[in-house]
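**Q** Those protein sequences? They're chains R and U, same order as listed.
Read in full-length UniProt numbering, the first sequence has 177 at position 177, and its numbers run on one by one without any break.
Read in full-length UniProt numbering, the second sequence has 20 at position 20, and its numbers run on one by one without any break.
What you were told as hints is all true, and nothing was included just to trick you.
Repeated chains share a single entry, so a pair holds when one copy, or any two copies, can fit it.
Calculated pairs, DSS-like style, for lysine-lysine (alpha carbon to alpha carbon, straight line, at most 27 Å):
#, residue 1, residue 2
1, 245, 163
2, 213, 128
3, 128, 143
4, 213, 163
Because the hints were derived from the structure by calculation, they are not lab data.
There are 2 protein chains.
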Amino acid sequence: MATLGANASLYSEQHRITYYECDRTGRATLTTLIDIAVLASEDQSDALGLTTEMVQSHGVGWVVTQYAIDITRMPRQDEVVTIAVRGSAYNPYFAYREFWIRDADGQQLAYITSIWVMMSQTTRRIVKILPELVAPYQSEVVKRIPRLPRPISFEATDTTITKPYHVRFFDIDPNRHVNNAHYFDWLVDTLPATFLLQHDLVHVDVRYENEVKYGQTVTAHANILPSEVADQVTTSHLIEVDDEKCCEVTIQWRTLPEPIQ
Amino acid sequence: MATLGANASLYSEQHRITYYECDRTGRATLTTLIDIAVLASEDQSDALGLTTEMVQSHGVGWVVTQYAIDITRMPRQDEVVTIAVRGSAYNPYFAYREFWIRDADGQQLAYITSIWVMMSQTTRRIVKILPELVAPYQSEVVKRIPRLPRPISFEATDTTITKPYHVRFFDIDPNRHVNNAHYFDWLVDTLPATFLLQHDLVHVDVRYENEVKYGQTVTAHANILPSEVADQVTTSHLIEVDDEKCCEVTIQWRTLPEPIQ
Numbered sequence: 001m002a003t004l005g006a007n008a009s010l011y012s013e014q015h016r017i018t019y020y021e022c023d024r025t026g027r028a029t030l031t032t033l034i035d036i037a038v039l040a041s042e043d044q045s046d047a048l049g050l051t052t053e054m055v056q057s058h059g060v061g062w063v064v065t066q067y068a069i070d071i072t073r074m075p076r077q078d079e080v081v082t083i084a085v086r087g088s089a090y091n092p093y094f095a096y097r098e099f100w101i102r103d104a105d106g107q108q109l110a111y112i113t114s115i116w117v118m119m120s121q122t123t124r125r126i127v128k129i130l131p132e133l134v135a136p137y138q139s140e141v142v143k144r145i146p147r148l149p150r151p152i153s154f155e156a157t158d159t160t161i162t163k164p165y166h167v168r169f170f171d172i173d174p175n176r177h178v179n180n181a182h183y184f185d186w187l188v189d190t191l192p193a194t195f196l197l198q199h200d201l202v203h204v205d206v207r208y209e210n211e212v213k214y215g216q217t218v219t220a221h222a223n224i225l226p227s228e229v230a231d232q233v234t235t236s237h238l239i240e241v242d243d244e245k246c247c248e249v250t251i252q253w254r255t256l257p258e259p260i261q
Numbered sequence: 001m002a003t004l005g006a007n008a009s010l011y012s013e014q015h016r017i018t019y020y021e022c023d024r025t026g027r028a029t030l031t032t033l034i035d036i037a038v039l040a041s042e043d044q045s046d047a048l049g050l051t052t053e054m055v056q057s058h059g060v061g062w063v064v065t066q067y068a069i070d071i072t073r074m075p076r077q078d079e080v081v082t083i084a085v086r087g088s089a090y091n092p093y094f095a096y097r098e099f100w101i102r103d104a105d106g107q108q109l110a111y112i113t114s115i116w117v118m119m120s121q122t123t124r125r126i127v128k129i130l131p132e133l134v135a136p137y138q139s140e141v142v143k144r145i146p147r148l149p150r151p152i153s154f155e156a157t158d159t160t161i162t163k164p165y166h167v168r169f170f171d172i173d174p175n176r177h178v179n180n181a182h183y184f185d186w187l188v189d190t191l192p193a194t195f196l197l198q199h200d201l202v203h204v205d206v207r208y209e210n211e212v213k214y215g216q217t218v219t220a221h222a223n224i225l226p227s228e229v230a231d232q233v234t235t236s237h238l239i240e241v242d243d244e245k246c247c248e249v250t251i252q253w254r255t256l257p258e259p260i261q
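Could you build the full structure based on these sequences and the hints that come with them?
**A** In structure tokens:
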């Protein structure tokens with residue numbers, strides 16, 4: 001059996017990781033990883049004539065509902081990475097898009113799968129995918145798209161860490177929605193600095209439920225789960241606004257032998 | 001009389017403005033403008049062998065104390081700009097650095113002047129500039145460096161807008177300090193969205209007084225001053241932590257005929 005979407009159009013571009021896209025350890029942030037992946041996918045869409053304006057002229061827009069992110073090694077400050085993107089497959093309601101981020105030697109740094117839906121700009125509801133807005137990607141038409149792992153259902157405990165984040169003007173991107181990569185800044189910032197300096201990201205499962213809006217205050221909750229394996233830790237996250245679930249996330253981390261100074 | 005620093009080494013590089021470096025109107029943010037200017041200046045330093053590690057090996061680091069930013073037109077999403085930087089002049093305690101940001105046609109988009117000091121990494125106090133850390137820039141040795149405009153001394157009133165901002169893990173950059181370009185996100189976010197959608201930046205005067213640290217909550221205050229000219233407005237800003245002044249800023253804006261939708 002051929003790989004799903006093997007005939008879909010593959011687009012790739014290079015990106016230099018700047019100092020302001022990195023955290024204090026010089027590792028690119030999770031927000032940056034998604035920002036550059038989405039940038040490549042917007043550039044592919046533009047190159048195929050599927051500009052934001054063209055898509056919006058049909059009264060619709062793409063919204064991501066899930067990411068599954070595998071991280072072999074986070075790109076570092078000043079590294080030039082190659083991002084490849086492919087709109088691999090779609091069925092009437094869901095589109096499946098894959099991203100590969102590689103270093104200068106072609107080694108894989110990250111692999112991201114994602115599920116996208118088409119939303120009506122007037123009703124803000126999910127609509128059937130318009131085939132003319134997918135055809136140029138040469139996506140495979142399928143009955144079922146791959147299921148991405150569901151994040152762990154978040155359960156508050158005595159040790160849950162909770163922090164509020166006010167949605168700022170600059171969290172809204174030119175698509176006029178809160179850049180949902182910014183959720184990662186909130187999610188990860190909720191964890192203590194001592195934890196972040198002693199762990200590397202390994203895998204992230206994200207599921208978006210409801211949109212966050214400008215001016216709202218989101219509440220980010222995090223649990224550091226009891227670890228079953230010596231050098232691995234799982235954290236479970238929830239972002240909500242007024243008790244409405246916006247986003248659930250599970251992150252797997254690798255414990256470093258020593259904290260980064 | 002020759003222009004100050006005309007013989008100093010000029011470095012330039014290109015940068016594409018990405019969607020995630022822009023606000024919802026598609027204009028680059030003030031934070032982005034400073035981020036890319038500092039990026040070019042770090043690249044110049046690296047090219048001249050004055051890497052962060054090399055500078056730190058002398059037990060010191062550069063710290064900016066003032067910016068004066070002239071904005072003709074903010075770069076826009078997907079625009080490729082050229083940033084030129086020059087370490088124009090220095091005296092025993094202060095270095096004067098200039099930046100030019102231009103569009104593809106060579107038209108000036110922004111011009112930034114700045115004052116930098118050398119800080120001891122152990123005492124966190126200002127020290128005399130080490131000549132060997134400036135010589136490669138071919139900066140002009142001067143008695144007096146140009147004075148940049150002082151921001152208006154901030155005075156709280158009944159209509160002062162005040163918002164708290166928690167300093168996040170991702171506000172710290174690989175130099176291990178709060179990226180002081182992030183102050184602009186706080187400063188500008190303090191103003192109402194309706195104001196930001198109806199004004200373009202014209203000029204910004206910034207003076208840093210005290211460092212902000214991870215985990216602190218800064219308080220950002222803003223006054224929208226009574227306007228004397230029809231299409232111009234001035235705002236006055238203060239960032240403080242526990243009543244200690246961290247940063248004072250004055251911004252001049254141009255009122256747009258209509259708000260950006």
